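Enquirer: Here's the letter readout for the chains.
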Amino acid sequence: MSELDINDKVKEMLEKSAENAGSKNSEKTFVHPEDEEREVIAPDGSIIKVNPIYDYFSGKKPTEEKPSNGVVEKFLNWARSESIWVLGFGTGCGSIEIPPLMTPRFDAFRFGIQMRPTPRQSNAFIISGYLSVKTLKRVIRSYEQMPSPKYVLALGSCTINGGMYYDSYSTINRLDKYLPVDVYIAGCMPRPEALLAGFMKLKELIKEGKGEKANEYARNFDEYKANQKKIIKDWNMPDYNW
Amino acid sequence: MNIYVKLAYTLLGFFLVLNWGLLMSATLRKIVARVAGRHGIPFYQPWIDLLKNIGVRTTLSHGFMFYLGPVFRFTGAVGMFLFMPALFGSDMWSNFSFEGDIVLILYFQLFGMLGMAIGAGEGGHPHSAIGIARGLAQHAAIEIPMTLGIISLAIQYHTLSFTDIVAAQQGGIANWTIFTNPIAGVTLLLAALGAMGHSPFNLVKAPNEIPIGPPTEYHGTYLGVLMSSGVVLHVMEAALFMNLLFGGATNWVEFIIKTFLINFYSVFVGVVFPRFKIEQSVVWFFKVPMALGILAILIYSF
Amino acid sequence: MVSPIYIVAAALGVGFAIGVLGKLGKNFSGILTLLTLGFMTYVSSEWLYAFYFGDQVSTYVFTAGYKPPISINLLMGPQEAFMSTLINVIGLLGGIYLFFNFGRKGRNAFVVYLVFIMSLNVVIMTRDLFNLFVFLEISSIATAGLILIEKGNRAVGAGFKYIIATSIISSILLIGTIFAYFYTGSLNIDDLVKSDLTTTTGGLIAVFLILIAAILEMKPFPANGWGLDVYEGSHQGFSAVVSAATATASYFMLYKLLDIAGNSWDHYIAVIGAVTFIGANLLGVKQKFARRLLAYSSIGQLGLLMLILGLRTYLGDNLNYVVFGILLTNLLAKTGFFWLVGIVKAKTLKEWAIIRRKPFFLFLMGTFVFALIGFPPFPSFFAKWTFVMDLAANGGFVWIAVILTGSFLEAIYYFRWFGYAVKADDNYNFSFNVRWHKITPIILLTALLYIIGYLTAQHTELGRMINFIPLFFVLILFALDFLPVFIKNTIAIIGMGIYFYFIYPSLSDLKLLFEVIFMIGGILTLIAGYAYKGKRSGFYPVAILMYAGLTGLIEANTTLQFFFGWELMTAGSYFLIIRGKRSMPHALSYMLFSVAGAYAILAGISIANIGQLTTSLSIFNNIQYFPQWAYGLLLFGFLTKTASVGIHIWLPGAHGEAESDVSPMVSAILLKAGVYGVILALIGMSKSQYDLSSLTYILGWVGALTVLFGNISAVFQEDAKRLLAYSSIGQLGYIVFAFAIMTQLGWLTGFTYVINHFMYKAVLFLTIGAVVLRVGTHNMYEMGGLIKRMPLAFVAVLIGITSLSGVPPLSGFTGKWLFYNAVIEKGWYFQGVIVFLSGGVAFLYLFRLIQTIFLGQLKDNHRNVKEISIWFLIPIYTLLAGLMVFSARPQWVLQPLGDMIANYMPQNSIRWDGAYAYTAIGHWTGSGVMMTIGSVFLIVFLILKLSTRKAHKIKQFDIVYSGERPDRPDTTHVAYNMYAGFYKAVWPLTVPLAERFWNWMTELVHEAAGFTRRIYSGNGQAYMLHIVLYIIVLFFITIGSSI
Amino acid sequence: MKEILDRITPKYDLQDVSIKDDLQAYVVVEKKLAIDMVTYMRDYEGFSHFVLMSCVDWIEDNKLQLLYLLNNPEKKCVIGIKVFIDRENPSMQSAHHLWKQIWTYQRELREAFGIDFPGSPRIEENFVLEGWTDKPHMLRDFDTNKYAEETYFPRTGRSTNDPATYMRQKLYPNQPVTAKKNKDDE
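Chains as they are written, first to last, in our numbering: chain A, 102 to 343; chain B, 169 to 470; chain C, -12 to 1030; chain D, 62 to 247.
Okay, chain A solo, but in the shape it has when bound (with noise of 0.2 Å):
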């Protein structure tokens, strides 16, 4: 299965090189320096290929985890929705309302809401308004990162249609192409009580077993991933991040 993908990867990264030859300025694709197949020695003198990309990453592509069956699902439903652990990640200018989120005045905690250093070992991501184009990149990887069930809450409508920057040319319009979206939260800025209202409201969407998104994600994975590398083009990660 892995070794398929990785031999698409090899033979897609060839094509791209060799197009890279013949191709003008203008449409350069972009292979960094540290993702170079290069040669090493070894102690013993003998030479060594590092394909980084092959050797460093397992390629593997997602699999779709299936819910565990009845009550125990639901139970543990309950309890994901209950503990909620946000990956602290500030993708944007709405990362200026998760700290009120988390003081006396809202205190997200009480929700059990609380927030995470690490994608390890946190299952929810707050997209906080416009995301671009670098960020994203920095945002599929985390959020690939997450194990799954996690769910994603697109906060302003930046994510929901590029809000006030649906003209630029280095931000999204839409999150959902890249990103199975959970729920929306619109406003430009939403106030903290929105943002909560939205975690409520992903909190049901759990209980009621549509926290789903991971696995839809993993679904519809080449789709995304289409959309992903159509933006960014300088693609420097294996396709899937575990």
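Note that these hints are calculated values from the structure, not bench results. Only a predicted model underlies this, so the values are computations on that prediction, with no experimental measurement involved. For every residue, glycine included, the Cβ atom is placed at its ideal position computed from N, Cα and C. Each statement offered as a hint is correct.
Cut-off 27 Å, straight-line C-alpha distance, at most; resulting in silico cross-link-like pairs (DSS-like, lysine-lysine):
#1 D/K124 with D/K92
#2 A/K330 with C/K942
#3 A/K150 with C/K775
#4 A/K334 with D/K196
#5 A/K167 with C/K942
#6 A/K161 with C/K775
#7 D/K207 with A/K330
#8 C/K942 with A/K162
#9 D/K196 with D/K124
#10 A/K326 with A/K314
#11 C/K940 with C/K853
#12 A/K167 with A/K326
#13 C/K942 with A/K150
#14 C/K568 with C/K337
#15 C/K937 with A/K161
#16 D/K207 with A/K278
#17 C/K334 with C/K568
From chain A, some residues computed to sit far from chain C (all C-beta separations above 10 Å):
#18 E165
#19 K175
#20 F212
#21 Q215
#22 M265
#23 E324
What the simulated footprint calls covered on chain A by chain C, stretch by stretch (three residues with Cβ under 8 Å from a Cβ of chain C suffice, anywhere in the stretch; the number is not a length):
#24 154 to 163
#25 336 to 342
Position chains B, C and D against the provided structure of chain A, taking the given hints into account.
Expert: Same frame as chain A, now just chains B, C and D:
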């Protein structure tokens, strides 16, 4: 009492301690929240988090040692519980304390630490290594007041066995070590600050600097195991100092109250003081705690 | 019995014959000369044989039919026979060596040479003062002539200075003779001895003049510039003969003439000798050129001879034994050395690297060096031993100090030189070739060295006890060096196995323990040697040499055997250590510390020996005089091997740079030899009737500080093997500290640590060494993530560090637990706290070891390294099995150990109840803890494994990296300067004070040497002035007051 | 300021010299003299502080105008040196040797306007955008709206309205839209 009954009691005791640990951590977080003027988490939050973590579907593995890390950690926690008498004077709650004395506990703390360090190390994340490096350095510093204090106690009571030390403190608050041997008591309490790992000594997993250090890569079930061992360790650390300084506990209520207060003390200090840099914390242990510890021994060696 | 007169007659006759029959050509005359020399040798050796194996009595040979004082008489006694034999042998071999050099000069050279040897013979034998003078003249003229066979101005200058100096000397002798004759009316030495001249002033002067001449002949420092130039200026072949034969002759002359003065001159002679010995060797330290170095060494040896002669009252009957030992060694080795110099055309010491090209020559050189420094099995070893023992027995402690200092200085330059020969990089284009007639004499000398060494040992009943079998095994291995590794390794292992099997029954508890560590450990580490390919030339002899020494220590019943074993072990380990790539300086410092330590031990033993009836090791148990000094010296000597703080600086380099399977030998095994010594000394102290607690108290502090220092320095190493080396220092500190406690618990702790350290340090060093072999670097920051490539090695290291760190349930904790009890029982709280704190520090370097090498990010160039070699894994896992058993069932070992210790340490403070150990203050059960933890661990592991069975395997860069991706493993791996924060806190503890101190000492010695060297201006007049001044000063010192 | 200009005007035959006030002036210099002049101003006239470097797109007369803004700390005066370079594959002599920060400015200009500075270090690296393949985005003929529509899946049914008119209608619904124009409507 035959071994199976003992085993049953021990398991029960561990279950109690585990839940008490979860509850205690929730309560302490609530207290911190109230200090900050917040409402704070519901008291059952830790259980939910635990469930949530177990319910996480994706599991990743960096390799074999990556598994063993949490195992070591949890075993360390269980061992801390096993080798220390939970309640004084009750045969059923004395666990496996007949297998070793304070020295065993002192060095057994490191069991979980070492395993955890190695497990996190295989994760390959730089922050893990940095966090562990700091942790070990700080631990080496904590050893000073810890050892000095315990040796002072050993001189005072002519024993290293928990049961005897607790026994010597029975019969009224006045007999507690903290009053009979205040200098050693203070030394150990200062060491306790470091051992508990709250601020200002929480550099190991400094959340907003090196994303929580060693466990950066741990998630899901691993994290659940780590959490539960963490809370157990908190209780047992407190229990250690309770047995050494505060006359141990003869029933669970006393146990709960005392461990809670000891933990509360370290959390309280943590709320008041900001985090140390590693060289600061190490040097700090070289100063007042060491001086006190030396004094604590000197008064007995003459 | 051929009369010794024929020696003279034959020489003169042949001399004239060659003059007459010269037409017959050079070769003819040359062969004739050799035959004559052979004849002379035969005569003298026949006498020698008769004296030692027959019941020959010394006989006078009268010339011209009259009795003295009318005529001249020669005495042929045992000593004369011995000396003249030496001279003739050297003369013969020298003749062979110089055959063609003389040939080129024409036949007269042969005549002169013949006359030279003959004259020396006469100088030995004659009992007539004037005759002595005459032949002295003849010899010096002949010498001057022979110096000139070497071309060039140097030779001419040297010859000129020599002739001037010697003529001054002999004229003084002549005047002295006249005085003597004036006062006694006889020239016969025996008469002079009978009529005590020293009563009258004139007689005093006569004695003074005669002796001063004899002394000056011995080239005393500093009035010996002329002598130096002879050694350096003349042809090596001839300098050898001068250094050997002339020295012998002049020594014997002094010996003869000293009787005239009775004992009144002994002290002056001794002081002169001491000054010469130390002065010459001090100057040797500064030398860069091989021949000048040898020249200084020869003069130093002359000084030593004078010293011995001056101290003859201390020695009594042993005088000749000592003198012969020293003289023989010096003669054979030095001659060989000079001739070697003649073959290896290398001037500076560094250039001697070329000798490596012919390993056999290296072997010869090694033999000579070790013989000259006085290592076993060479005669000088036994001579030095007897000398020091007798000195101590008669309270000559100052002299012991002098001798040992001088010898130490000598060791410095010889081992520096040898280090260059073995390790200095050989990039010289000139080579050297060997001609049979030059090499044969050297080989003969070498063989003689070994044989005579053996005979010297057999000469005393102490020496006869020594077990030479291992040594023969070593020599056999030297002979088999051409075989491939596999065979030699097998031979070595089998040999050790058999030896152990045979010696096993004869050993009791303590000895058995250490013998097991040495032998079994040795076999295990040797197994790792199978991993090597090719010949591994010279490895096995020296390895076995070390083990021979170690087992010698164990078997030793007498102090001499002990010291013998100790020196063998030192020599072997030195060769092992110097095999490492960059380990030349470290091997040197190791050797120097070892030699110093050995001398300390020698001195200690000699003090211990005072007033003892027996010579067995049990004298340690009741040292009667100066026990503080004796034990102090012994302990110091042993501590140099255990590398305690201050004298540890040799260890990190030596162990760090050594080969992968040598490191465990020298770390896990060799260091235990020092521990064994310490234990012996402490047993003695425990039995001694004096109160030595202050000594053990100091020892305890030394141990504690060593632990702290070793561990903290280990934390900041970047080189894996150096890290382990420093950790060894720390561990040895634990051991020393534990034994210093001097209670049963303390010793139990000590033994636990001995066993533990043996096992886990061997495991760690073997594993890391094997890893280094695979990845080709020592630097930890260049490794990483190797757990994926070599899991077995990882497991080994994991267990190793877990048990080293003292975490339950592994055996390290056994030591810790005992430690707490012992310390608290003893009341050494602060030392204890230092030790425990260091235990905490140990975690840092242990984690660093495993993290930076095995965890973290795998480096590109290690992507497909293989698992470490099976030949390393076998011993490693054998040791691990032992470690596990010791952890799970400590009582199996500790209980018998405790009973054993009870013999030395009466108080019985640990009680065993099955697997449960109880002390006064604590309790603990190894197996119980092991079982409990094991089961919990297993359960938790199974649960977790089940719950995460669907885990995705991911690769090294699939890590949270703050939304980014790592670029390279090298930049993602935390390894270099890992404990920067900790360093900021504890840097004051890491200042290398010891290194600085020793560097300063070295500077001091070199400065002193450099300053003293200025007196040798190379100017002839200056040298003559020296002589004159020397005489005047001596005059006022000796008899100036009494006139 | 004046005397400085008097000094340099003949030296670099400056076409139009516009003096804003006695502390601020802008001059236009030929492309081939520009860096020379900047160097001169730095070394001889004491304009040791490099303020900024920017570019204006004069699409009408098909030129790009580079501006080097220098400041003289002693005299507290600022001079802007303008250079016109043509718009088709624009290229300019690099000035990275004068001030290190010019490296970054030139990287920015290269990315934003596609101006090439031969020899400027790290010139080819990304500045703000990663992997930008379209035409330089600060050129006025780059239609960002069109680009966004083509690239970022604009959501259909997105309505926008001009704030001024919207508010006017909200506040004065019955008042008809007057002929009075304001800037917003243009």
